[in-house]
Amino acid sequence: MDRRFSIAALVAFLFFITGTAAAQTLKIGAPQPMTGPDAPFGDKFQKAYSMAVEEINAAGGVNGKQIEVIIEDHQAKNPLAATVAERLIQQREVLILTGGRASGQAVEIASIAQRLKTPYLVDHPSADIITAKGFEWVFRNNPTGSIYPQAFNKFISEAPGAMPKSAAVIYDNTVFGKTIANSAMTFLKSKNVNIVNDEAYPVNTLDFKPIMTKVRGNNPDYVLMVAVATTDAILMTRHAKEMGLKPRAFVGFGGGFGVEDFAKQLGPLSENVFSSAAWSGNPNDPKVKAFYEKFNKKYGIYPKEHEVEGYAAIYIIADAMKRAKLTGDVAKDRDAIRRALLKTDMETVFGKVKFGNYKGPLGDPYTNQNVNSPEHSVLAQWRKGKLLNVYPKANAETDVVFPDPASKK
Amino acid sequence: MNRIAAGVAIVFLLALPWLTDNQFLLHLAIIVLMWTLMGLSWNLLGGYAGQVSFGHAAFFGVGAYTTMILYLKVGLAPWYGIPLGGVVAALFSLPIGYLCFRLRGPYFALSTLAVAEITRLVALNWETLTAGPVGLLITTLPDVSFLGRPVDWESKEPFFYIIALLAVSGMLATHYMMRGRLGAYLVAIREDEDAAESVGIDTTRAKALTLAASAFFTGLAGGFYGMYFRYVDPDAVFPIAISIETVFIAVVGGLGTVVGPIVGAVFLTTVAETFRERFVVGHLIFYGLFMMLVIRFMPEGIWGRARRLYGRFRKGGSRGAA
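Chains as they are written, first to last, in numbering that gives the first Met the number 0: chain E, 0 to 408; chain S, 0 to 321.
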């Protein structure tokens with residue numbers, strides 16, 4: 000009994016001494032999923048944040064002060080995201096929040112940030128609702144979900160003969176899937192395109208053949224697919240092709256269609272599949288290229304949307320902190336940073352940043368949403384295992400292949 | 000003796016917001032009390048009646064959605080919405096009890112799991128009512144004054160008192176219900192359902208009543224969750240994780256005791272927070288290990304164990320032994 004007690008006491012003691020003494024730094028809080036199913040994403044953001052922080056601090060920090068990102072794990076659970084946000088604001092006294100990763104958690108963080116008067120710069124979560132509720136403490140650099148299909152919309156409107164005669168739309172029933180599908184369908188309907196299939200499926204569906212059989216019966220001109228999960232994107236494409244669907248274009252939306260596994264698993268089946276890809280900076284910009292190389296050298300992976308977003312967010316925050324008159328009083332400094340963010344006008348590896356209020360494609364009234372978001376949408380295509388931007392021309396890496404050579408003539 | 004202890008605890012609870020102006024601590028206290036309410040309502044059914052449910056997230060979610068929908072669509076203020084969330088959850092439990100109580104033991108547990116999943120899918124797809132996966136977000140709570148003073152919904156105190164009131168009433172209800180006839184019925188059912196039936200207990204009715212009471216308190220917790228966190232979506236209020244956490248709190252605290260759930264909630268929340276603070280990435284390993292140790296060495300729960308040790312200590316004292 001005694002020994003057990005002393006072990007317990009020792010463990011408790013170790014807990015207390017391992018607490019780190021923080022120096023006087025400018026603190027940025029970042030709730031991220033570091034454990035649980037979303038942990039790989041938390042890891043991506045952690046890498047991106049620490050690279051940006053190292054660079055900024057090495058270059059003298061913010062007006063002579065070092066910056067620090069405090070990541071707290073929310074395990075992809077909403078109530079925990081709220082708890083962690085509370086903690087970062089109340090206990091760790093961070094000046095600003097970023098991160099969040101998934102929309103559900105970001106909504107909680109935004110709601111808390113608004114109430115506790117702490118700025119929150121959203122770097123990745125895309126649900127429109129986050130910047131559509133008039134939260135003046137919440138800013139978003141990345142495009143909203145309903146903006147994602149913009150490049151596709153432009154392509155079908157502008158490229159000769161590309162307007163679909165009919166379209167089948169298949170999407171997962173998450174905020175992400177619904178928002179994108181609604182946005183794409185609203186646009187198609189406004190162009191009098193007949194939506195022959197409107198199919199929602201649960202995430203991690205194993206068999207898409209029943210859906211694809213239905214779709215094949217309608218012989219659609221375009222097949223539009225939305226998948227937040229990689230396995231869904233892969234299986235959906237595989238089953239569609241195996242069932243003999245031959246539209247003029249397969250167009251994927253969402254994370255699942257933009258990761259390397261998509262091409263690895265599908266092999267030649269991935270050829271010429273479009274991905275209305277998440278924006279990750281203009282690949283033709285030499286500064287963006289230099290960032291890609293530097294990141295790859297440091298971590299051994301090429302950055303994609305998440306890393307670019309996380310890295311850019313820290314630069315946006317540092318820029319606002321530089322312009323804000325910081326006094327050392329946490330509440331005043333938070334407000335000063337918020338006011339500085341309102342005047343942000345800069346360029347990062349992600350692209351141009353300027354926050355403003357305007358109406359989204361589905362009519363949502365955005366507050367503090369990056370005004371350049373509508374341009375931050377790009378159409379890419381899989382070519383021999385590589386995802387290359389094809390539209391709009393300014394950000395294109397190669398020419399578009401359309402219609403799909405495999406389609407029925 | 001017990002009354003004095005309970006009195007002291009209640010006074011402490013009422014005074015807590017005055018003892019600290021640390022808002023995060025109050026936030027944790029609110030979470031603890033919310034989980035206490037969940038744990039004790041599960042305990043009614045699982046601890047006293049021995050009917051293990053893995054589907055309490057269904058009642059939690061129904062309570063949360065009821066309160067949110069009533070506020071957003073009907074404009075009904077939350078202090079009506081929260082109790083109504085409980086009532087709707089209780090009503091919702093009746094057909095479930097009718098179906099699931101035909102099954103016993105693990106089959107009952109599995110059927111509750113299925114019910115929770117079905118409820119989640121309904122909430123996900125019934126978009127006109129629940130807004131589907133987008134979820135329901137409220138940005139402001141209505142102006143209200145209490146004892147002539149306007150309530151500040153941006154502070155933690157009003158939420159603390161609301162959840163404290165709910166949790167204490169839940170504990171009192173457990174105490175009085177279990178002292179009465181129903182409590183004796185439930186223990187009889189837990190120990191041997193066939194024997195209980197053979198002495199004339201209407202076991203189905205007793206179980207259904209308990210389930211309704213259990214669902215009511217879980218629904219209250221759900222309604223409170225909606226108002227406090229101000230955002231509900233199907234994955235936040237219907238996941239299996241909520242059902243499991245509820246079971247953990249009741250089991251770790253001490254099954255079939257009034258105080259157990261609060262001990263469990265305090266303990267697990269504190270432990271989870273401490274581990275998360277110390278280990279950013281590995282904390283779940285320690286948390287899991289910790290749970291295994293507790294279950295291995297204290298199967299009767301922390302409160303159950305403490306009570307037994309206290310009993311032994313008193314007996315030892317009266318005998319005069321060291």
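It is worth saying that the hints were derived from the structure and are not from the lab. Here the structure is a predicted model, which means the values were calculated and not measured. Glycine residues also receive a C-beta, built at the ideal position from the N, C-alpha and C atoms. Take these hints with a grain of salt, some might be off.
[Claimed, not checked] Dumping the calculated DMTMM-like pairs for lysine to aspartate or glutamate here, alpha-carbon to alpha-carbon at most 20 Å:
#	chain 1	residue 1	chain 2	residue 2
1	E	K26	S	E153
2	E	K331	S	E153
3	E	K293	S	E156
4	E	K116	S	E276
[Claimed, not checked] Reference listing, derived: stretches of chain E covered by chain S, where coverage requires no fewer than 3 residues with Cβ under 8 Å from a Cβ of chain S:
#	region
5	68-82
6	125-138
7	383-393
Structure-based check of all given hints:
{"no.": "1", "hint": "K26(E) x E153(S)", "verdict": "24 Å, violated"}
{"no.": "2", "hint": "K331(E) x E153(S)", "verdict": "18 Å, holds"}
{"no.": "3", "hint": "K293(E) x E156(S)", "verdict": "49 Å, violated"}
{"no.": "4", "hint": "K116(E) x E276(S)", "verdict": "24 Å, violated"}
{"no.": "5", "hint": "68-82", "verdict": "holds (count 9)"}
{"no.": "6", "hint": "125-138", "verdict": "holds (count 5)"}
{"no.": "7", "hint": "383-393", "verdict": "violated (count 0)"}
Hints 1, 3, 4, 7 from the earlier list are contradicted by this structure; the remaining hints agree with it.
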